[in-house]
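Residue numbers (my numbering), protein chains in the order written: chain F, 14 to 261; chain Z, 21 to 154; chain G, 47 to 630; chain D, -13 to 99.
Just to be clear, a hint being listed does not mean it is correct.
List of simulated lysine-lysine pairs, DSBU-like, C-alpha gap at most 30 angstroms [to be verified]:
id: 1; chain 1: Z; residue 1: K116; chain 2: F; residue 2: K251
id: 2; chain 1: D; residue 1: K74; chain 2: F; residue 2: K244
id: 3; chain 1: G; residue 1: K376; chain 2: F; residue 2: K230
These are computed hints drawn from the structure, not numbers from a lab.
Small disclaimer: the values here were computed from a predicted structure and weren't measured.
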Amino acid sequence: MDDSIAMQVTRYRPDKNSQPVPVDYEVPLRTEWTVLDGLNHIKAEQDETLSFRWSCRMGICGSCGMNVNGEPRLTCATFLSDYAPGPVRVEPLANFPVVKDLIVDITDFMEKLPRVKPWIIRDDDVTEIDGEYIQTPEELEAYQQFSMCINCMLCYAACPVYGLDPDFVGPAAIALAERYDLDSRDRGSRERLDVLIEKEGVWGCTFVGECTSVCPKHVDPAGAIQRYKLKAAQESVKAFLLPKALRR
Amino acid sequence: MSAPVTRVPSYQRRIGVFWWVHKRSYFLFVMRELSSIFVAWFVVYLLMFVAAVAGGQQRYDEFLDRATSPLLLVVNAVGLAFLVLHTVTWFALTPKAMVLRLGGRRVPGTAMLAAQYVALAVVSAFIYWLVVKA
Amino acid sequence: MSEGATTAAHDVLLVGGGAAGLRAAIAIAETRPDLDVAVVSKVYPMRSHTVSAEGGAAGVMADDDSIEEHIYDTISGSDWLGDQDAIEAFVNEAPRELLQLEHWGCPWSRQDDGRIAVRAFGGMKKMRTWFAADKTGFHMLHALFQTSLKYRAVKRYDESFVTRLLVDEGRVYGVVSVELATGRIRAITAKAVVLATGGCGKVFPFTTNANINTGDGMALAYRAGAPLKDMEFVQYHPTGLPFTGILITEATRAEGGWLLNKDGYRYLQDYDLGTPTDKPTLRSMELGPRDRLSQAFVHEVEKGRTTDSPWGPIVHLDLRHLGAKLIDTKLPMVRELCLQYERIDPVTDLIPVRPVVHYMMGGVHTDIDGRAGLDGLYAAGETACVSINGANRLGSNSLPECLVFGARAGRAAAEDAAAAPAPPAAIAAQVSDETRRLEHLLARDTPLDDGVARIREELQTTMEDAAGIYRTGPSLEKGADTFQALRERVGAVGVRDTSPSFNTELVAALELENLIDIGECILRSGLAREESRGAHQRTDFPKRDDERFLVHHTVRRDHDGNPSVDRLPVTITRWPPGERTYGR
Amino acid sequence: MKFRVLPFVWLTFSGGGVVAAVFLPVLVVLLAFALPLGWVDPSHAHLEGLVQSWFTRIALFALIVPMLVHAAHRFRYTVYDGLQVKHKVLVALACYGGAMVLAMAAFLVLTTV
Ligand SMILES: Cc1cc2nc3c(=O)[nH]c(=O)nc-3n(C[C@H](O)[C@H](O)[C@H](O)COP(=O)(O)OP(=O)(O)OC[C@H]3O[C@@H](n4cnc5c(N)ncnc54)[C@H](O)[C@@H]3O)c2cc1C
Ligand code: SF4
Ligand code: F3S
Ligand code: FES
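Chain F extracted, bound-state conformation:
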């Protein structure tokens, strides 16, 4: 194996560049090094102005998403050696506005998330707690996959629909809505349906499926969205056909 690898990093400094430009660096190539280690090496040894987000370096905090050779990846879980002999192209996550270098603005997601009400909704909202809600392992399993989302935004970067139509609520938020809908403790699916049945809700998704392919936590937002469409359709048909009295 070569002992170094070229990294082509997209830089954008609002006070210096009018648009993002690729800059070439050379970093040591070690088997245990991730793309993030490469970036940190550049920052420590070559150019301390290089900016990017990271924190846990163990694939769980969701901050270090970037496009690596065109694919959205968690850079702390992507190894340089998989790209040998290089070069490795590192760009900010696609579909988001770039704030600086590899840092994108995810305010849009942060504003969308509360809209799908990702919290337990109960009709019997009690404040005094004297025991747990019973939930069998099967009931837990029903929503577990959708509870694994780390909000890393890779799915948004992979979804062309989100890129072209930023009004689309988007994969992770819908997967989280589904996570609460499927939770046996929750009673809020009606409220969430009212949000997601709008055209910015689930209907924008044309089942490209890339969100699921890139998700590092196997959340399967694509599946969640299609199931949501089915649910929305079923409920609509029910509401249309059944007289009010018979509806739940």
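Starting from the known structure of chain F, arrange chains Z, G and D with the ligands on it as the hints suggest.
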């Protein structure tokens, strides 16, 4: 909870019209979606066929004649390819889009996939029989 | 960043959006909906380091368990340095907090009948650790964060870095922060401020902690004149992955994993931790407390019974006998991490591990309601020291600590805020002071051959050499000397990145200032404690010395800016100091 | 619960997708290749009998309408996202309108033959 809104100055990248040619998965996706044109076309073709058959032996023969023109053959061949793409992708996506439960167990994706191909075979055989044999 | 500072005002301000900060925010929103609450965090709340916690959260739940036993385990785990009134409150309130989280959607792992499942954990005599597979912290944090979204009244300043507390005549009136995306300096005033900024693992080179764990809250309080407490007690976790320091949770051992030296021998039996059994035995062998296990490792190294790796000596964690099914259901993340970062599969391979800096027992000195040493100032979570952890924290006590004392601090701060005076005019001067300081830092040139990254690295290795698992007077002394030189370099270093937006170099420079303050406090407190207790092991004073040192050390900044160490009695109620025994 | 049209459109789109996947290939192979190229040779009378039957006509109509909606719905999003023709309303009108016209044509053909 809400965050105070301050607009962050940022660079907005533009997506080109040909965003889908650079990546295999995006390309396949757009091809899959374009199959819709041929679905519409074949519906029209089917109607023309029905009209021709109903119009009597002569119109029917004319129809068959026109259908063997190289242009139509090419269009239909391309259309069939897209249709196959539609069928294959549609079947592949169904198990991802819905969860079937039998006796409390989730039906595995491969079983749903297989079931769809069986349905395809049965329907095809039936229609073949209807048109050709019965 | 030259337009000067903007100002915002709230009733209560929470610095930190981890488990402690969010729990406090919700507590206030629920008990005092009339108050205006804000959370400032240098990362988006769901990125906080709580997200990395794997193993679980302790709370008495099982029928065969009792409050009394959890208290005793915690006290003896703390080597009798924990305050017993605080521990009692903690153990009493933990189960309710964990249930509350269950009601907020945390996907706790369950028994077949649908009730909450508990697992064993190091140093605990009963199974009482609630878990969500091995992503407990992740699930807790996301449940808290998502629940917090429900309360529209709670404002958030995401990705804003707090650089200073505003203090006038012994009372805290808010903070100065830098909004990272824009570089805007913002004064956020409040009638009460809760620090919930997490740990400071980054003082050391090799740690399980995330990049953001730079002890900011401790440093903020310290510089504002509030005392820190128990700073000499730094927990090493016995099982981290060699290169990255990524944690392999204690739950692996709770589920039955073994620690093997290079001869395949379960070496813990040689260190008074009991005798090996096939099935895990509570409070014995691999389920001993972390300090003792990490110390045993050092002895194995000395005996030449460890394996060499490019990153120093290692031992092995053996999970192979647990089988794929158990590993996949109870420890899926461990398998994921091993496959990804070590390219080994714990189902068939041994996991290489070594001790790694993990947790800070010390922190901002607070009382049982989170009150810190200044009026209007509160602290909770890892950044605080109540102290329930004393000289050694038991695994899985820290997440519930964040909840219990987060909620308590939140409520107390809310009461305080309701009655507090409005911020005086004097703080405006402090805001412009701080603005000037930050601008100055940006304008200053960095010496060519120096930089934040280099100083940080030297600081970290200094700390490891001086205050590792085993310390001595001379090693600590030498470290403290090196710090003098480091401090001068920190004073000279500037920031090369001059752009206002997302200046990560500026952040790193500010964090470095915090690291150096914290590191120094650790060294000074360590020097003062001439005994061995829990995580603080002095080879020159190998015995616990209750006569002289059954006390907390507080450390405060004196008028010359130097740390000065004081003593504070330990609260002993019903459990007189005894011998710490495991495996017997 | 809110009433929205999109769920119904989507349901028809999905139905049409299934029909197109399951029924259309064999029909295309037969009508576009096998018959014109003489691979199979059913008599005209037989085929006439077939299309004259009410059962066939109703079945055909029931298959054709969802397929048209399917095609229109899909094409609409392809034009909108793929080609980035950003006249949302216009595109939708053209696509669903086209489908409607074709459906009416189908109705005429199938009722008058
Ligand atoms: C790998 C790992 C595994 C662990 N596993 C367990 C376990 O199984 N059980 C257990 O009980 N404990 C465990 N712990 C310990 C426990 O996770 C932590 O002690 C706890 O999560 C700390 O929570 P916190 O709320 O105090 O701080 P954090 O979650 O660290 O949050 C700190 C917050 O403060 C903010 N902040 C910091 N500085 C600033 C600043 N200057 N300005 C603005 N905001 C700032 C950050 O943005 C962040 O939001 C583990 C720890 C680690 C490292
Ligand atoms: S769904 Fe997957 S890719 Fe999307 S934000 Fe969540 S974890 Fe990331
Ligand atoms: S990639 Fe986008 S279009 Fe749908 S299936 Fe995923 S959200
Ligand atoms: S740094 Fe946390 S996910 Fe990569």
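Hint by hint, here is what the structure shows:
1. Restraint check for Z/K116 and F/K251: the C-alpha separation of about 24 angstroms stays at or below 30 angstroms, so the hint holds.
2. For the hint pairing D/K74 with F/K244, the CA-to-CA distance comes to about 25 angstroms; that is within 30 angstroms, so the pair holds.
3. Distance restraint check for G/K376 and F/K230: the Cα-Cα separation of roughly 17 angstroms lies within the 30 angstroms cut-off, and the hinted pair is therefore satisfied.
Every hint from the earlier list agrees with this structure, and none is contradicted.
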